[in-house]
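Chemist: Use these hints to put chain B onto chain A, whose structure you have.
Protein chains: 2
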Amino acid sequence: MNETACMPTGPRPHGATPDDGYGALLRDAHAAGPRRGTHLQIIERDDGFVSIEDAYRYFTRPDEWLPVERQAVALATGRVLDIGCAAGRHMLALTGDHETVGLDPSPGAVAVAREQGLDVRIGTVTEPGDVGTFDTLLMLGGNLGLLGSREHAPDVLDSLTRLARPDARLLAIGHDPHTAAPEHRAYHQRNRECGRMPGQVRMRVRYKTWTSEWFDRLLLSPDELRHLLTGSAWTLQTATRSPGTGFYLAELTCNP
Amino acid sequence: MNETACMPTGPRPHGATPDDGYGALLRDAHAAGPRRGTHLQIIERDDGFVSIEDAYRYFTRPDEWLPVERQAVALATGRVLDIGCAAGRHMLALTGDHETVGLDPSPGAVAVAREQGLDVRIGTVTEPGDVGTFDTLLMLGGNLGLLGSREHAPDVLDSLTRLARPDARLLAIGHDPHTAAPEHRAYHQRNRECGRMPGQVRMRVRYKTWTSEWFDRLLLSPDELRHLLTGSAWTLQTATRSPGTGFYLAELTCNP
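Quick note, the sequences are listed as chains A and B, same order.
Under full-length UniProt numbering, the first residue of the first sequence carries the number 1, and numbering increases by one thereafter.
Under full-length UniProt numbering, the first residue of the second sequence carries the number 1, and numbering increases by one thereafter.
Wrong hints could be hidden among the right ones.
Since copy identity is lost for identical chains, a pair holds within one copy or between any two.
Computed list of lysine to any residue pairs in SDA-like fashion (alpha-carbon distance at most 25 Å, straight line) [to be verified]:
no.	residue 1	residue 2
1	Lys208	Ile122
2	Lys208	Gly78
3	Lys208	Ala180
4	Lys208	Arg45
5	Lys208	Pro128
6	Lys208	Pro107
Derived from the structure by calculation, the hints contain no laboratory data.
These figures come from a predicted structure and were not determined experimentally.
Just chain A, same shape as in the assembly (with noise of 0.2 Å):
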């Protein structure tokens, strides 16, 4: 009897593959043949409140968006960058008159990109690497939650910035947490209580025996939006509403 492994472990990021849940859920759901509800992933906020997320959001095509997220793609000009591209959704959408280059931390989506033809590379928003600088920056997919914080944002803004070519314009979609339902106000309240934004929301996701590292992802409306953006390059042009949902397109334009 092995009393070490008689121990309960708990969620743990995986040996084989540290953080990288998410790129093996990508990796199964592309290998099978994406369809609905085949692949889920947990989604886990720090309070214990669980959900799921269908692998199947990062395959769909144009028609399956909401109207904002194809909006967003038709407004990119010139060379795009697409930050936290996953398995390249949005890229595939973009037409060939565009240079476009894809950026995500996940080996596995990265790899599922490349077997698609596009053109991703290992990276984050405040570590993108050697890319160059672009025409238009993509959020996508509620990617303007990747600001992650109060005192993170201006690290994000700063990154945006350097990636900005003159007269650059980025399009993110933003989830407004003041929509959410009622089984979430309390956790909004706790944040207020805390000193953080409403919907700064503590997560990390699972699938199978994989578990990420917490991280911090920010749920905010326009208002606070255009608030945290004091002190940036960034100005916030519009902010367009999809109906019925907590997201909206935001554009922002770059004065540096």
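Modeler: Structure of chain B alone, referenced to chain A:
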């Protein structure tokens, strides 16, 4: 700023309805009108493996079941006890010829079953309350797993004996762990190294902010079941496998 509120709390039983996340899931699914993919619960194994179960399974009709489940219901005779009946899907399929009582530990599940006109009491196989004796004992939907472990099984079998009338039959759906996907084999091997039966699965269920206590569910082959029955009043008469799945219908008779 409230320091206590800022501590990560992690999963915990919900204050208002401790350990009845399962009941909340069934109540929510029933209230919404059961459909596939709308209400999901998370099953978390003690090694961190997570999987997802669709609450729709608790509201399926006989034509959606495995044939062995239909067969079990067709074999029921006399006064019937459905142990771990959930929302009562098997009880609903039993014709009016039977007096049928259901048992479930979840107040939420019992409430949903009662809304469907069923005689369901709060209780478990080892704490059934004053329900009398039965000609047929049902442990369907994989509920043979309520045997729990090698150590717990004798208590379950003794309780079943006390619930059994002369010539009573136990009809139970088991799950053979030796048919499982390779990703589960390390878990079975760890169990063996700890002196446990390979299919003893320590798990808890999570739904939204609710988290159950940890409990053991015993997956075992018909041969392992036969061995486990030694010294009990129960004899395995037949084990009918469900092709392409790990499930089987076990028919047991009682000779106290």
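Chemist: Work down the list of hints and note, for each, if the structure agrees.
Modeler: Verification of the supplied hints:
Within a single copy, Lys208 and Ile122 get their C-alpha atoms as close as 23 Å, which meets the 25 Å cut-off; across copies the closest is 33 Å, which misses it. Taking the closest pair of Cα atoms, Lys208 and Gly78 never come within 25 Å of each other, the shortest separation being 40 Å inside a single copy and 43 Å across copies. Taking identical chains as interchangeable, the C-alpha atoms of Lys208 and Ala180 lie at most 25 Å apart only when they sit on different chains, with a minimum of 14 Å there against 28 Å within one chain. Proximity of Lys208 to Arg45 under the C-alpha cut-off of 25 Å is found in both arrangements, the shortest distances being 17 Å within a copy and 10 Å between copies.
Proximity of Lys208 and Pro128 under a CA criterion of 25 Å is satisfied in neither setting, with 29 Å inside one chain copy and 35 Å between copies. With identical chains, the CA atoms of Lys208 and Pro107 are at most 25 Å apart within one copy only, with a shortest distance of 17 Å there and 30 Å across copies.
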